[in-house]
Amino acid sequence: VPELSQQRALDGEATPAALVQALGDPDAWVHLAAHGYAQTQLLGYAGAWLADPNNPQGSVMLSWLDVINTPLRAPLAVLNACQLAAGPSATSQSSLSFASAVSAAGVDHVVAAYWPISDSASATWIPAFYSAMRAQPAAHAMDALRSAQLALKDSRSFRHPYYWASLAYFQHLRVGR
90 VPELSQQRAL
100 DGEATPAALV
110 QALGDPDAWV
120 HLAAHGYAQT
130 QLLGYAGAWL
140 ADPNNPQGSV
150 MLSWLDVINT
160 PLRAPLAVLN
170 ACQLAAGPSA
180 TSQSSLSFAS
190 AVSAAGVDHV
200 VAAYWPISDS
210 ASATWIPAFY
220 SAMRAQPAAH
230 AMDALRSAQL
240 ALKDSRSFRH
250 PYYWASLAYF
260 QHLRVGR
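Position in the sequence shown (first residue = 1) + 89 = the working numbering.
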């Protein structure tokens, strides 16, 4: 497992372009902590809200439409934002979600939530996830997610399935010729 370094993008640095660039880095594990959104009736309205550097009071949505055809090569993306695994309708499952678009665009392993998760629950599952990932390759993400779900399930405050069942794993499958 290669040595990992941490880089943070805050406020005006956390732009859609910066996120897409990070997701395109074949050596990056990308952790997004933002607001997620999925509008059930409108195709294309599933994505992450990020800061707009030209308008500090505003924000910009990076939708699945913005990433689906972009070659992304990061081995791991943890999308710690509400609803990024959810698609625009209950019948589509996750086929049009931001998480599935990131996976389809080339990110090998993606973790995201189907519905809103509280910040306090994230304070439990995120450390458990990364603790399980320590000294592991990105391919270990599904097992690490299971460890994180069990940490929520075993806690007194977050044992209800509402907290741990929301978390989902997506894997980019490559088809050989």
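Derived by calculation from the structure, the hints in this document are not laboratory data. From the three backbone atoms N, C-alpha and C, an ideal C-beta is built for every residue, glycine too. Check the hints yourself; a few may be wrong.
Taking CB as the label site, the calculated pair distances span [to be verified]: (1) Arg248 with Ala98: 25 to 35 Å; (2) His249 with Pro216: 11 to 21 Å; (3) Gly147 with Leu239: 17 to 27 Å; (4) Arg248 with Tyr219: 31 to 41 Å; (5) Asp116 with Val264: 19 to 29 Å; (6) Leu239 with Gln146: 32 to 42 Å; (7) Ser246 with Gly133: 29 to 39 Å; (8) Asn158 with Ala107: 15 to 25 Å; (9) Leu154 with Val264: 16 to 26 Å.
Right, here's what the structure says about each hint:
1. A hinted range of 25 to 35 Å holds for the C-beta pair arginine 248 and alanine 98, which are about 34 Å apart.
2. For histidine 249 and proline 216, the hinted distance range of 11 to 21 Å is satisfied, since their beta carbons lie about 20 Å from each other.
3. The hint said 17 to 27 Å for the Cβ distance between glycine 147 and leucine 239, and at roughly 39 Å that hint is violated.
4. Between arginine 248 and tyrosine 219, the C-beta spacing of about 21 Å breaks the proposed range 31 to 41 Å.
5. Separated by about 24 Å at the C-beta atoms, aspartate 116 and valine 264 satisfy the suggested range of 19 to 29 Å.
6. Here the CB-CB span from leucine 239 to glutamine 146 is close to 41 Å, well matched to the stated 32 to 42 Å.
7. Between serine 246 and glycine 133, the C-beta spacing of about 36 Å keeps the proposed range 29 to 39 Å intact.
8. In this structure the hint that asparagine 158 and alanine 107 lie 15 to 25 Å apart at CB holds, the actual value being about 19 Å.
9. Between leucine 154 and valine 264 the CB atoms are about 23 Å apart, so this pair conforms to the stated range of 16 to 26 Å.
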